[in-house]
Structures are given as structure tokens and as C-alpha cells.
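J.: Here's the letter readout for the chains.
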Amino acid sequence: GEDVEQSLFLSVREGDSSVINCTYTDSSSTYLYWYKQEPGAGLQLLTYIFSNMDMKQDQRLTVLLNKKDKHLSLRIADTQTGDSAIYFCAESGTSNTGKLIFGQGTTLQVKP
Amino acid sequence: DVKVTQSSRYLVKRTGEKVFLECVQDMDHENMFWYRQDPGLGLRLIYFSYDVKMKEKGDIPEGYSVSREKKERFSLILESASTNQTSMYLCASSPPVIAGSYEQYFGPGTRLTVT
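If you read the protein sequences in the order shown, they are chains A and B.
Just so you know, the first sequence maps onto residues 4 to 115 in this note's numbering.
Just so you know, the second sequence maps onto residues 865 to 979 in this note's numbering.
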């Protein structure tokens, strides 16, 4: 079945880079997403990558996709305290209904 | 900007009560979703709807039902609330896949406590 796995917690110091990792099972997923959830809020789309891409960069964010290993990562450069949040990885899977399959979420703690 | 609103941010109900959680979106999206979020388990899909009066079970539909009488509104119903339904409930909407994206837009969530 479709499944997305993430580690639950990451702690970094302000100014360092953060790397959040995700593995997924469905190699036919067209889109892979990163969502951010700040405390007490819903999820907001952070970035996404098409399955035919290896890398996508957007300001401080870099997404790397290794399709062979079904591994997705999100790198945040110069991590700030405002980046403290839960980060969810999601894949589109094979469904054409618009469903996404979410990982467990990685809590990023940024220490000053 | 897409806006998804949920009727309550916090709700406290007693065991056995019937509970209604309402979600409204203003972008004319065909798809709407209800998730529950629990620590360490991520988001689990309860039900989704791809059109008015159409619904499909997600991964954990037991103890829940839904209603979609109008395109913009999707309601989650707990017929008889139980303590194991204490959770954060998130609603989301998205345009049809044919539009070229699976991106979902989320509401702020309802934190439900059942005592």
C-alpha cells in the first residue's frame, strides 16, 4: 500500500541548515509536497516538486528527489526561529481523486 | 486567496453527544476532505467528497459520517462522541485533479475534546 515515512523530531541551532527527510512507497506519484504547520494553525503549502525533477530551489528552500530510492528531502538554509513548526511530506499516489498521503510530520525545533 | 473556514477552533463535548463540525470553502473547489491529526500519527483521512452529495470513506471512517449538500460546505458528524475521538480535526479543499494539481488548502483546525 501507499505509505510515507518521516522522522518525528529535528533540533537545530539558529543559522544552521536543517534537512528533513521523507521516504515514500508509490513510485508513480506525480507530485510530492512539503507542508508547514505552525503552532495552533492548519497546514500551508511550502513547496512541491514534480516527479520528473531531481531538485527544486526556492529562496532558502531546496527540495531533492531521489526517485530510485523513493527519498525526498527538504533543506532549509540559514534556519530561523520562525521556521519552528511541523513539516509534513505528502505524495499524490496513484489515485485520480485528489487524495494525498501524508507522513507523520517532523517537528523542527530551532534553538537560538 | 483560497479561504477554508471551520466553525469552531475549540470544542468540548460529552461522551455520547452528537457533534457537528462544519467546513466552508470559498473557491468553488470540487474536492473536500476531513482529516484527524494525532501526535506521531500525522494526518489520517476520515472521509472525502469529490462532488455535492458524493462521498467516499478514507482510512478511518468508523464512528464518523459526513454530509455535503452544497458545494462549499462539508460537514463531519460524530454520531455518538467517544473519548478516543478527542483530536485535532482539519478540513481541506482542492480543485479537481484535471486542473493539474493535487494541492490541498487547509482550514485552521478544530481541537475537539470529548470528556
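No lab work stands behind these hints: they were computed from the structure.
Be a bit skeptical, because a hint or two may be false.
Said to hold, decoys possible - Here are the computed lysine-lysine pairs in the DSS-like style, where the Cα-Cα straight-line distance is at most 30 angstroms:
| # | chain 1 | residue 1 | chain 2 | residue 2 |
| --- | --- | --- | --- | --- |
| 1 | B | K867 | A | K59 |
| 2 | A | K39 | B | K921 |
| 3 | A | K39 | B | K919 |
| 4 | B | K935 | A | K39 |
| 5 | A | K39 | B | K877 |
| 6 | B | K935 | A | K71 |
As the list claims (entries may be wrong) - Short, incomplete list of chain A residues facing chain B, as computed with Cβ under 10 angstroms:
| # | residue |
| --- | --- |
| 7 | L11 |
| 8 | V15 |
| 9 | G18 |
| 10 | V22 |
| 11 | T33 |
| 12 | Y36 |
| 13 | Y38 |
| 14 | R78 |
| 15 | G85 |
| 16 | S87 |
| 17 | F91 |
| 18 | A93 |
| 19 | F105 |
For every residue, glycine included, the Cβ atom is placed at its ideal position computed from N, Cα and C.
J.: Going by Cβ atoms only, is V22/A closer than 10 angstroms to chain B?
T.: violated (19 angstroms)
J.: When you check the alpha-carbon spacing of K867/B and K59/A, does it fall within 30 angstroms?
T.: holds (27 angstroms)
J.: For the pair supplied as a hint, K935/B and K39/A, confirm whether the alpha-carbon distance does not exceed 30 angstroms.
T.: Distance ~27 angstroms between K935/B and K39/A Cα, so the pair holds.
J.: Under 10 angstroms, Cβ to Cβ, is where G85/A needs to be relative to chain B, so tell me if that hint holds or is violated.
T.: violated (18 angstroms)
J.: Given the proposed pairing of K39/A with K921/B, does the C-alpha separation stay at or below 30 angstroms?
T.: At roughly 26 angstroms apart (the allowed maximum being 30 angstroms), K921/B and K39/A satisfy the hint.
J.: Let's test the interface hint: is any C-beta of chain B closer than 10 angstroms to that of Y36/A?
T.: At 7 angstroms from the nearest chain B Cβ, Y36/A passes the 10 angstroms test, so the hint holds.
J.: Are V15/A and chain B close enough, Cβ to Cβ, to be under 10 angstroms, as the hint says?
T.: Since the shortest Cβ distance to chain B is 21 angstroms, the answer is violated.
J.: Any CB of chain B closer than 10 angstroms to the CB of F105/A?
T.: holds (4 angstroms)
J.: With 10 angstroms as the cut and Cβ atoms as the points, is L11/A at the interface with chain B?
T.: holds (6 angstroms)
J.: With a cut-off of 30 angstroms on the C-alpha distance, tell me whether K39/A and K877/B pass.
T.: The given pair, whose Cα atoms are some 29 angstroms apart, holds under the 30 angstroms limit.
J.: Is the interface hint for T33/A satisfied, with its Cβ closer than 10 angstroms to some Cβ of chain B?
T.: Holds, because the Cβ-Cβ distance from T33/A to chain B comes to roughly 7 angstroms (cut-off 10 angstroms).
J.: Hint validation: Y38/A versus chain B, beta carbon distance must be below 10 angstroms. Holds or violated?
T.: Constraint on Y38/A satisfied, holds at 8 angstroms.
Taken one by one, the earlier hints fail for this structure at numbers 6, 8, 9, 10, 14, 15 and 16, listed in ascending order.
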